[in-house]
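Just so you know, we're using this note's numbering here: the sequence shown kicks off at 199 and counts up by one.
Quick caveat, the hints were computed from the structure, so don't treat them as lab data. Treat the numbers as computed from the prediction; the structure is a model and nothing was measured. Please note that a few of the clues may not be correct.
To be verified - Capping the alpha-carbon separation at 30 Å, the derived lysine-lysine pairs in DSS-like fashion look like this:
1) K304 with K260
2) K268 with K396
3) K460 with K304
4) K268 with K304
5) K348 with K337
6) K452 with K304
7) K337 with K304
8) K258 with K281
9) K487 with K256
10) K460 with K337
11) K258 with K482
12) K258 with K304
13) K468 with K337
14) K348 with K281
15) K348 with K258
16) K326 with K348
17) K414 with K310
18) K487 with K348
19) K268 with K487
20) K256 with K452
21) K288 with K326
22) K460 with K260
23) K487 with K258
24) K468 with K396
25) K288 with K268
26) K414 with K348
27) K487 with K460
28) K348 with K310
29) K396 with K304
Claimed, not checked - Derived DEER-like restraints, expressed as beta-carbon distance ranges:
30) G441 with V343: 49 to 59 Å
31) K256 with R347: 45 to 55 Å
32) K256 with P317: 48 to 58 Å
33) D307 with M409: 17 to 27 Å
34) A503 with M417: 35 to 45 Å
35) E360 with V331: 22 to 32 Å
36) E453 with E359: 44 to 54 Å
37) M417 with P317: 38 to 48 Å
For each residue, glycine too, the CB sits at the ideal point set by N, CA and C.
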Amino acid sequence: MEFSWNFIVWCVICFLPILIRLLHHKKAGNYPPGPWGLPIVGNMLDLAGAMPHRNIAKMKEKYGPVIGLKVGAVRTVAITSAKTAAQLFKNYDLDFADRAIVDCMKCHDLHKTIPGLAPYGTFWRVLKRIYTVDMMVAKRLNETVPVRRKCVDQMLAWIDEEALNPHPIDVGRFMSLTAFNIIGNLVFSRELLDPNSKEGTEFFEMVSQMMECAAKPNMSDAFPWLSRLDLQGVRRRMSHAVGEALRIASGYVKERMEEMSKEVVHNRPKDFLDVLIEFEGDGKDELTKLSEHEIGILVLGLFIAGSETTSSVAEWVLTELLYNP
Numbered sequence: 199m200e201f202s203w204n205f206i207v208w209c210v211i212c213f214l215p216i217l218i219r220l221l222h223h224k225k226a227g228n229y230p231p232g233p234w235g236l237p238i239v240g241n242m243l244d245l246a247g248a249m250p251h252r253n254i255a256k257m258k259e260k261y262g263p264v265i266g267l268k269v270g271a272v273r274t275v276a277i278t279s280a281k282t283a284a285q286l287f288k289n290y291d292l293d294f295a296d297r298a299i300v301d302c303m304k305c306h307d308l309h310k311t312i313p314g315l316a317p318y319g320t321f322w323r324v325l326k327r328i329y330t331v332d333m334m335v336a337k338r339l340n341e342t343v344p345v346r347r348k349c350v351d352q353m354l355a356w357i358d359e360e361a362l363n364p365h366p367i368d369v370g371r372f373m374s375l376t377a378f379n380i381i382g383n384l385v386f387s388r389e390l391l392d393p394n395s396k397e398g399t400e401f402f403e404m405v406s407q408m409m410e411c412a413a414k415p416n417m418s419d420a421f422p423w424l425s426r427l428d429l430q431g432v433r434r435r436m437s438h439a440v441g442e443a444l445r446i447a448s449g450y451v452k453e454r455m456e457e458m459s460k461e462v463v464h465n466r467p468k469d470f471l472d473v474l475i476e477f478e479g480d481g482k483d484e485l486t487k488l489s490e491h492e493i494g495i496l497v498l499g500l501f502i503a504g505s506e507t508t509s510s511v512a513e514w515v516l517t518e519l520l521y522n523p
């Protein structure tokens, strides 16, 4: 009996702070209406299932176009109306310019440098100018047409060769390899998937591991106080992959810088790495030069964003064509 009472007392002591916080918690002002959430897990059960977006769409009938949710301990707002979303992006774009960062993307300062993750400010505006003015202009993209066509022809040859074997063809993987190879040519002006390039193969594996970690559900994202523990090891694996990928990318950057210092002439159009290295800011409100680490992170960002989205879109297009020829 004594043991039972001791157990009850310890339970009360351990959970009393949580109970007090729940009982005295005041709802944030102007927070959108939404379903009542359970302690700790919040509305995670309301979103359970294969299609959580449909669950949110059904909530619109009761709570309106703007719905307040709690995913674990993280407050979330869901916009279920195109009209409301348009007003948000038009009138409150600066208030919502930043985005939530998953825990694993905070290693090696990825969340401070990659344009899709970096907070809105001077550095972000500099990156936007580099990408829109120096990289993604029509003239520079037109110069890369032969490179992109060569990579696509190479992919078709791979698929033809694979079709000779009596097993299904993983078209998605070929799309991913091709997108990666195209970006490698646009950024480094080299074939990263060359069979003789050990570093290129390792770089592809590390970038693939980074994308896998970024997409993996992580308890630290729903319960930020668990991030220090890294219970699933996602951040540890991500840090290792980023470190190895940066090591390889930094080697390419140093090699290019040495060529520039020696004024080595290449018979090729200027690539994205040249643009990043040659960038010069005004030195007043913006940085004067990009550091080697920043260039490496920006290069990784190009591979993460470009290869995954391109291959995924192409794969879904092919799937739609198969279902609706």
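Determine whether the Cβ-Cβ distance between E360 and V331 falls within the hinted range of 22 to 32 Å. violated (40 Å)
30 Å Cα cutoff - pair K268, K304: holds (22 Å)
Taking 45 to 55 Å as the stated bounds, is the beta-carbon spacing between K256 and R347 within them? For K256 and R347 the Cβ distance comes to about 46 Å; the hint holds.
Run the distance test for K487 versus K348: straight-line Cα separation, threshold 30 Å. Cα-Cα ~33 Å, so violated.
Pair hint outcome, K258 versus K304 [Cα-Cα no greater than 30 Å]: Violated, because 33 Å separates the two Cα atoms, which is more than 30 Å.
Looking only at beta-carbon atoms, does the pair M417, P317 fall within the given range of 38 to 48 Å? violated (25 Å)
CA of K487 to CA of K258, is that 30 Å or under? violated (48 Å)
Is the straight-line distance between the alpha-carbon of K348 and that of K258 30 Å or less? It is violated: about 48 Å lies between the C-alpha atoms, which goes past 30 Å.
Distance restraint between K268 and K487, which requires alpha-carbon spacing of 30 Å or less: Measuring from Cα to Cα gives roughly 41 Å; hence the hint is violated.
C-beta pair E453, E359: status relative to the range 44 to 54 Å that was hinted: violated (32 Å)
Quick one, are K487 and K460 close enough, alpha carbons at most 30 Å? holds (19 Å)
For the pair we were handed, K304 and K260, check the Cα-Cα distance against 30 Å. violated (37 Å)
Checked against the numbered hints given earlier, this structure breaks hints 1, 2, 3, 7, 9, 11, 12, 14, 15, 18, 19, 20, 22, 23, 26, 28, 30, 32, 34, 35, 36, 37; the rest are met.
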